[in-house]
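S.K.: Take a look at the letters that make up each chain.
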Amino acid sequence: MTDGSIALACKGLTKRYGRVTALRAVDLAVRPGECVALFGRNGAGKTTLLQIAGSLVRGYDGEVQLFGANIKKTDAEAKRAVGLVLHDTCLYLDLSVLDNLRFFARLYRVPDPDARARDLLQRFDLDTRGKSIARELSRGMKQRLAIARAMVHQPRLLLLDEPYTGLDEISCQSLSTMLSTFAREGGAVLMSTHDVERAFQAVTRAVILEKGTITFDRSAADVDVPAFRHAYWNVLFTGGTREATGDRAGA
Amino acid sequence: MLHTAAVILWKDLKIELRTKDAVSAALVFSLLVLVIFNLRWM
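Chains as they are written, first to last, in the numbering used here: chain L, 1 to 251; chain R, 1001 to 1042.
Extracted from the complex, chain R is given alone in its bound form (with noise of 0.2 Å):
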């Protein structure tokens, strides 16, 4: 379980190492996030 665990995660770095797929989107999503907790304590 955890053998196939580390070689999905292998995988799954490997590949957003390359497209930085899932880093933009989480960046993206992080200054929404602080952009709209920004606004709402205002």
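Only chain L is shown next, with the shape it has when bound in the complex (with noise of 0.2 Å):
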């Protein structure tokens, strides 16, 4: 069973790598049209919480759910509502564009695969590539490629680990369109990034990772970006502190 009012739900979310603790009792909830940016310095816990919203991490202390549904206890129908990108592009390289398309289509059982495949390849700017060899394509490409594979079976959560990487500013650009897009037409999107302009073109609401919490936590509108910005760099070169984040970050 399944409820629309949350897409994504981490309740005290606590994840250990031996000694290392990547997430410390993370509370977190991403509702349908929302697009929610993850800020934070490397092996803050952005991907590890990415990956077990993605149900591709377990051994975890707490609870996540995926519209309403626990995903410890396998829930299909919710993992199907998800359309995930990580760092690897997860693409079959020896296999053309087009073909890559095809393949998860099929696998998710999309009405008409091959129609929804080209659909995507033109809303992605790679119709003229459709015939190419996966391995071919630049890193940009690539990346496209791999976020409209992620959209392929018209996922309601995008969960995208640093959807910018290796995007020109043209790409950058109808990506931001395109999450807001989505959000506005009732999905919703978790993304990590360090790319703070860009990632306030698209973002409704902005959370900082800091040793494995949040320590900040705010809506775009009540954001200043400059201010923003400058918080988020005391987070990355300084450390930052819980206090000095919301205090500068703030409006």
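Note that these hints are calculated values from the structure, not bench results.
Any given hint might turn out to be false.
[Claimed, not checked] Calculated cross-link-like contacts (lysine-lysine; reagent style DSSO-like; alpha-carbon spacing at most 30 Å): (1) Lys142(L) x Lys1014(R); (2) Lys79(L) x Lys11(L); (3) Lys79(L) x Lys142(L); (4) Lys211(L) x Lys11(L); (5) Lys1014(R) x Lys79(L); (6) Lys142(L) x Lys11(L); (7) Lys1011(R) x Lys142(L); (8) Lys79(L) x Lys1020(R); (9) Lys72(L) x Lys1014(R); (10) Lys211(L) x Lys79(L); (11) Lys1011(R) x Lys131(L); (12) Lys131(L) x Lys1020(R); (13) Lys72(L) x Lys11(L); (14) Lys142(L) x Lys131(L); (15) Lys73(L) x Lys11(L); (16) Lys79(L) x Lys1011(R); (17) Lys211(L) x Lys72(L).
[Said to hold, decoys possible] With the Cβ distance kept under 10 Å, some of the chain R side facing chain L (calculated, not the full set): (18) Ala1006; (19) Val1007; (20) Ile1008; (21) Trp1010; (22) Lys1011; (23) Ser1030; (24) Asn1038.
[What the hints assert, rightly or not] Stretch-level coverage of chain L by chain R, calculated; a stretch enters the list once three of its residues show a Cβ under 8 Å from a Cβ in chain R: (25) 87-96; (26) 149-158.
Quick caveat: nothing in here was measured; it's all calculated off a predicted structure.
Note that CB positions come from ideal geometry on N, CA and C, so glycine has one too.
Once you've looked at the hints, go ahead and assemble the two chains, each given alone in its own frame, into the complex.
M.R.: Right under this line is the structure:
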């Protein structure tokens, strides 16, 4: 059974890798219509959070729900509602661009997989490269294809780990527009990024993770972007503090 | 289940037709098996 009122809910989420605590009692809810950016230093726990939400990492304390269903109790319907893009593009490099999309569309039983694949190629400006082998694409094109692949089954929640990596200016803008549209149409997005300016073109909420703890969580409308950037750099370069991050980044 | 298996088979055949990785490995392996068994009965 699924509940559409909250796309992703983490309650007291704690994850340890041996002696290292990647996440400490994280409480986070992402609702349909929200596009949430996760900021934080390398090792702050962003990728771990996305991997747990994507059901790729287990062995954690606390609870994670996708559309109201606990992801530990396998709910295939809820998991089908998730589109995931990680650092690794997870593409079949020896398949053509079109066949990569066709393959995932068929796996998800998308009606008319060929039409869906061609539609996505056009939306991601890859229609001229449909017959190219994925291995021959540039890093940015592979990233675009990976995002198209994550959207092939029309997910309701997108989990994106640094989606702007390798994209040129035009692709970044079109990704921001696409994410905003996706959220406006009722989808939910949780993405990790270091790119403050680009992220604020799309996001409705900004969250900072520091050493596995959420130290900042505000609506994008309440954030002064230059002040946020300054506070975020404070986090990156000095480690920051909870109070300093909150005070400086607020409007 | 069968649908998923068929889709994965389609993908693997597509990749195999392009790379011929498994075919060449299988050919070398078959030749080795033939040679070894021939030597065994000599």
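S.K.: Now tell me, hint by hint, if it's right for this structure.
M.R.: Here is what the structure says about each hint:
| no. | hint | result |
| --- | --- | --- |
| 1 | Lys142(L) x Lys1014(R) | holds (19 Å) |
| 2 | Lys79(L) x Lys11(L) | holds (18 Å) |
| 3 | Lys79(L) x Lys142(L) | holds (24 Å) |
| 4 | Lys211(L) x Lys11(L) | holds (17 Å) |
| 5 | Lys1014(R) x Lys79(L) | holds (27 Å) |
| 6 | Lys142(L) x Lys11(L) | violated (34 Å) |
| 7 | Lys1011(R) x Lys142(L) | holds (18 Å) |
| 8 | Lys79(L) x Lys1020(R) | violated (34 Å) |
| 9 | Lys72(L) x Lys1014(R) | violated (35 Å) |
| 10 | Lys211(L) x Lys79(L) | holds (28 Å) |
| 11 | Lys1011(R) x Lys131(L) | holds (15 Å) |
| 12 | Lys131(L) x Lys1020(R) | holds (19 Å) |
| 13 | Lys72(L) x Lys11(L) | holds (13 Å) |
| 14 | Lys142(L) x Lys131(L) | holds (14 Å) |
| 15 | Lys73(L) x Lys11(L) | holds (16 Å) |
| 16 | Lys79(L) x Lys1011(R) | holds (22 Å) |
| 17 | Lys211(L) x Lys72(L) | holds (25 Å) |
| 18 | Ala1006 | holds (9 Å) |
| 19 | Val1007 | holds (4 Å) |
| 20 | Ile1008 | holds (8 Å) |
| 21 | Trp1010 | holds (7 Å) |
| 22 | Lys1011 | holds (5 Å) |
| 23 | Ser1030 | violated (23 Å) |
| 24 | Asn1038 | violated (35 Å) |
| 25 | 87-96 | holds (count 3) |
| 26 | 149-158 | violated (count 0) |
Comparing the model with each numbered hint stated earlier shows that hints 6, 8, 9, 23, 24, 26 do not hold.
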